[in-house]
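Visitor: Chains as they are written, first to last, in our numbering: chain A, 1 to 765; chain B, 1 to 765.
There could be a bad hint or two in this list.
You can't tell identical chains apart in this list, so a pair holds if it fits in one copy or across any two.
To be verified - With a straight-line Cα cutoff of 20 Å, these simulated SDA-like cross-link-like pairs (lysine to any residue) come out: (1) K343 x E387; (2) K547 x G252; (3) K434 x G488; (4) K104 x L119; (5) K490 x S29.
Derived from the structure by calculation, the hints contain no laboratory data.
Protein chains: 2
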Amino acid sequence: MTKSMRLAGLLAGVSIGAMAAGQAWAAESLQDVMKRRDLNEQDVLAAVKTYTPSGKRDEFMVFSSGGQSGDVIVYGIPSMRIIKYIAVFTPEPWQGYGFDDESKKVLEQGSKVDGRDVLFGDTHHPALSETNGDSDGQFLFINDKSTPRIAVIDLKDFETKQIVQNPIITSDHGGPFVSPNTDYIIEAAQYPTPLGHKFAPLDKFNEEYRGAVTYWHFNREKGRIEPEKSFSIELPPYSQDLSDFGKLGSDGWSFTNSFCAERYVGGIEKGRPPFEAGCSAKDTDYMHMINWKKAEELFKAGKTKMINGMAVISLDVAAREGVLFLVPEPKSPHGVDVSPDGKYIIVAGKLDTHGTVYDFAKMQALIAAGKFAGKDDYGVPVLDLKEAIHSQVELGLGPLHTQYDSKPCIAYTSLYVDSMVAKWDYCEGKVLDKISVQYNIGHLMTMEGDTEHPKGHYLVALNKLAIDRFNPVGPLHPQNHQLIDISGDKMQLLYDLPIPLGEPHYAVAIGADKLKPIVRYPFGTDSRTDSKSEFAVRPGSEHTDHKPGKVEVFGTAIRSHFTPEIVEATEGDEISFHITNLERAEDETHGFAVSRHNVNMSLEPGKTSSVTFKANKAGVYPYYCTEFCSALHLEMEGYLLVKPANFKGTGDLGKAGSTYTKADYDARVKANVDTQAVINSVVGYITSVNYKDFPPVVAMVEDATDQLGSAKGAQEKSEGFAAKQDWNNAMLWAEQWFQYQVKAADIGLRAKTYLEQNGAKPVSK
Amino acid sequence: MTKSMRLAGLLAGVSIGAMAAGQAWAAESLQDVMKRRDLNEQDVLAAVKTYTPSGKRDEFMVFSSGGQSGDVIVYGIPSMRIIKYIAVFTPEPWQGYGFDDESKKVLEQGSKVDGRDVLFGDTHHPALSETNGDSDGQFLFINDKSTPRIAVIDLKDFETKQIVQNPIITSDHGGPFVSPNTDYIIEAAQYPTPLGHKFAPLDKFNEEYRGAVTYWHFNREKGRIEPEKSFSIELPPYSQDLSDFGKLGSDGWSFTNSFCAERYVGGIEKGRPPFEAGCSAKDTDYMHMINWKKAEELFKAGKTKMINGMAVISLDVAAREGVLFLVPEPKSPHGVDVSPDGKYIIVAGKLDTHGTVYDFAKMQALIAAGKFAGKDDYGVPVLDLKEAIHSQVELGLGPLHTQYDSKPCIAYTSLYVDSMVAKWDYCEGKVLDKISVQYNIGHLMTMEGDTEHPKGHYLVALNKLAIDRFNPVGPLHPQNHQLIDISGDKMQLLYDLPIPLGEPHYAVAIGADKLKPIVRYPFGTDSRTDSKSEFAVRPGSEHTDHKPGKVEVFGTAIRSHFTPEIVEATEGDEISFHITNLERAEDETHGFAVSRHNVNMSLEPGKTSSVTFKANKAGVYPYYCTEFCSALHLEMEGYLLVKPANFKGTGDLGKAGSTYTKADYDARVKANVDTQAVINSVVGYITSVNYKDFPPVVAMVEDATDQLGSAKGAQEKSEGFAAKQDWNNAMLWAEQWFQYQVKAADIGLRAKTYLEQNGAKPVSK
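Chain A extracted, bound-state conformation:
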């Protein structure tokens, strides 16, 4: 309040926009708007720090898990606009994911579970691929806690390419996290179960229930996980939790923490205290320190047992061979976060008030000296907590997860119960600043904050409860991701982003300039295998194959028609549509849906996709383009005729609804000639400036040239029919000639606008 008043004084007489005389939109000055909208000076600064005008780009891109929505959420910083949801474990029709044959194969790698279809995932921890410990923008990995799986997303096209199911654990949490060069992706169990999805009663909990951590091998060349080159390590039946890989000096090691090291089994229905009591009774749980390079050697030497197709290093082997060590950690921790220099590991126990800073060198020295505090019940050596740590720093209530700044020794830890973020110096062991968030914060995230070179600038608080932050939308609220400026000494809240779908758990951010996705596919690409589709056809080669019980369509899509437009089948046939999008213009995606069938595809430029389904009932089923691709998008239609089994028809078309005369033809041609004059003037403008310096415009010009080539083909057909005085066909092909002109004009105008707005300069011809 006071600040606003001081501001009002300072700004008196200054009104942004007042000089834009005559423009009523600008009639309001900055102060007018501030007063009307009840904004203070801090709000104005936050607004200008985040507002991103039309066409301007974000500095960082965030990949957030969508929780039980089963997808990944992509948004920009500082604009905090969500740009894309990527379907991963849950079918999503806009993307055609789980609807076209190609993506179904990917989805089914994960969804076919013991004869059940599991059509959702509970995504938790996205991880970006790294090269030499820094994010490289090539791949994204994400896990599913509910059905333990890891998915691979290629950031070339933001599509899910592979899902691998974990064959030994029944619940996961601590993954994925990647090794510094993405050789391995970690996936740690959560709730203990018998390994290999077997049954054992709870009275065998200590003996037969187990945790585990899987090291999935990633082949960067292929862009795929290789299960046969992956291995797991059996762990005690503690509830394993988050993990992290060492880096630099600690490379070769990974760290996985746990809760419920009490190995408590609830049963409140029988009068026993619930899990939450028994699992939080002791003051410490265990961090697992794993020498994964040594484990890899054991795996390669065959010192594993096979469980359900997965090579597993037994708990006793891991303990005996120096692969596995335990260190106590304060109470029900969540994050275990290795510092950028690899020297420290910070653990925050949700029921403890400290950040505990483990010193990797001290732990290595203890191990080298064989100096252990004891062993756990499974024979695993346990290090002494006090000897393993650099310091413990009092942070607040419910510390949960830690991320790093670009400035040395600076860390940020979320405080769930306090609903705050603590900024602290983990070298000196002191708290530097705290900021309240709205409300209870789970994970937090800084820019590239878990790599060797965090980028500073911003922090996002991933709040688990939004409560009253947004306009009410019923009992189920959005989550609230809050953007915080960390560039100064004091943290400053900039923006509240509601998450409209899903309940994110964790997110990772990367400098936007590291992402270089493609804008179109090479002609005829099966995007899920990244190879040429065997079903792609060039224009003019479209065909429909009829075999007993099977109709197979090899078709194309281009503004604004499919080829073919009529497909006949017989009740009971299996039908496949393979459609190739012939477009080259950016963002010229076509869709393909068949009425009253579960058929929808998203065909981005260059892509070939297929759908296969049973025509189980006779009828007339329009198909159409589901993307508003052009002014005549509604006319981008066709008919699937599913005939009754015994139907005998002529196949002829009946009497035309409308017929045309020479006068119609002449009028159409005249209009087309006029239209061409308009197009020529646009072309004249474009070629009068340096359009070749603007790659998006070059692509538009290529596309417009395609359209004009098609227009010429239609014109020739039209003139051929006219020469034969077939005025009906002459008129209709002249109309089609016009349609191609319209598309060329559309693209041409778009190119002209782009050039005008982006400062194109005249060139001498």
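Fit chain B to the supplied structure of chain A, relying on the hints for placement.
Guide: Quick look at chain B alone, frame taken from chain A:
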């Protein structure tokens, strides 16, 4: 550029935030930020006109279709933040939609289609319920073009309550639109097919293919469509398109336009010109004028035939009885939009350059005088275009859809090919302003712009192509919704909103103060039937019923445990979990997932939901809360034990993993007493201020009181065991006592923060 420079001059010496000395976040002045982020004065004004600080609310709420994602998107204006996706035709696990038994019943009303499962929709046109021609904020309706269906969403809780399938048409588009008191909801066909989902060959196109328009009757009391009180009108095989209801003087009439009145059937694969040519060959299509009040009389008089369970007024009856008239309209129109005063209907033909303003009074006079230009091939009277209109106004290339302003006679029309919005006066017939949008715009929307009282202020351009507007995310781009300030004479672009999931077609906006959703359900609500669930149980009454082949769990959820925590079943059993969320605190939603099964529920406070599934394979399956509901959310777990058929176990639990002593108990109790002191201090603060004036805080205090009540119960159990020197159970129940304290403290701190930030004032006790 020039403007920025002028601004820099004017603002010299003025730096917002400079007075906040010592705060490094504010070290940057407004000019610093403008320079760093390359913002001009217009950007700054747009930023402050849209930026909405944490906790502040939007003025308007938008409901946008999600296109082929099958859902509805809810966002706020002016912040342009998406607050919720509502699942409608596509299953969505975060909301449990299509996963819990209750919502499955709603989804399956729409998804069971001739023995096929159709698990997506192509949503097009959301419509808000109206009272006396104005939006009332009670219900939202949405159609599916792909499988003709209408869904009912209750804005009390933003959930889908009902889906009705259209039994006669195979493709729809022109709906839903509501009558001024929401008695009827219109759904018009798109691509002609034989009615009733029958087969007929294309040579019978003129004779057996038909359009239709359905008037669904809505029962506002029940909040449900009543199919038995609904009727349809058979229409000629033109491709019907958008519709609108008359209002005020034109109440009782509805209007549906069309394209492809040529009745052209393509076949490019056979050398015929494609649909797009033949469907756009003539200069006019037909607007259908329907006297629906007269049609309702015919329906009530039984002058209908039944097709597939739907009462249909035949085309010949409709033509003969004065229900149906046609008026030519320029070329391939999309929108048909009745003016706020009900006097005019504006049609924009995408291949014409005009907005055509029809005069309802003139058309009525022509009909009354029996003055027709002729009849179409189906005997429907056709009015003369020139005599039916008020004016035609040249707007630009590709006019598509029109919305109205709060100012009389002012309309806005989208121009697809020009990528512009035209502001014009339809009374005077002149264009007032144009603005470029990025890029090709389909529908547009003003605030309550299709009601009797549009609200002005803002317009949203629903652009179908974003192209280069946002950071690239691969070949599939987001859509771009642009917010435009229409409060002044000149339109001004304020904000670009990327749509991250789905391809919206149309949207409607409503004043935010008209929406009054609930924040919690009454105890034990089945939210899909809006009634008390038969499966709800009170705490203490939870039970598991075992019958041959069936296990039925009647359980509860509360921070942080389910009751029961252990459920036993046998391989092959059908299992039902019915869970009631006992929480009362706002936003305290719990989830429920069973590992490796397709089971996920969203349990908002008060809700009871169920899942039923087959335990087809023996194993140990953890179940857990999928929402991060408290600091001990991970410990909110249980085990579903699916035993092999012939398994005989003791059912005992084995040796405990950890045991506790009197010393542990004493330490725990001491900590609890200390914690209580903290809680008491928070309670002391809350009761020292006027917390009862803040309803959200009152709810928090109720919830915290619940938690403290539970804490007391656990304390009593603990003390009971201590009295018997059962230190193990005493310690564990003391731990549970502490857990309840933590939740009370969490809520208490949240309430304290709220009070501090919202200006609570001390009260005298």
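Visitor: Compare the structure with each hint and give your call.
Guide: So, going through the hints one by one against the coordinates:
| no. | hint | in the structure |
| --- | --- | --- |
| 1 | K343 x E387 | within (15 Å within a copy, 85 Å between copies) |
| 2 | K547 x G252 | neither (58 Å within a copy, 53 Å between copies) |
| 3 | K434 x G488 | within (13 Å within a copy, 43 Å between copies) |
| 4 | K104 x L119 | both (11 Å within a copy, 14 Å between copies) |
| 5 | K490 x S29 | between (30 Å within a copy, 16 Å between copies) |
In this structure, only the earlier hint numbered 2 is contradicted, and the remaining ones agree with it.
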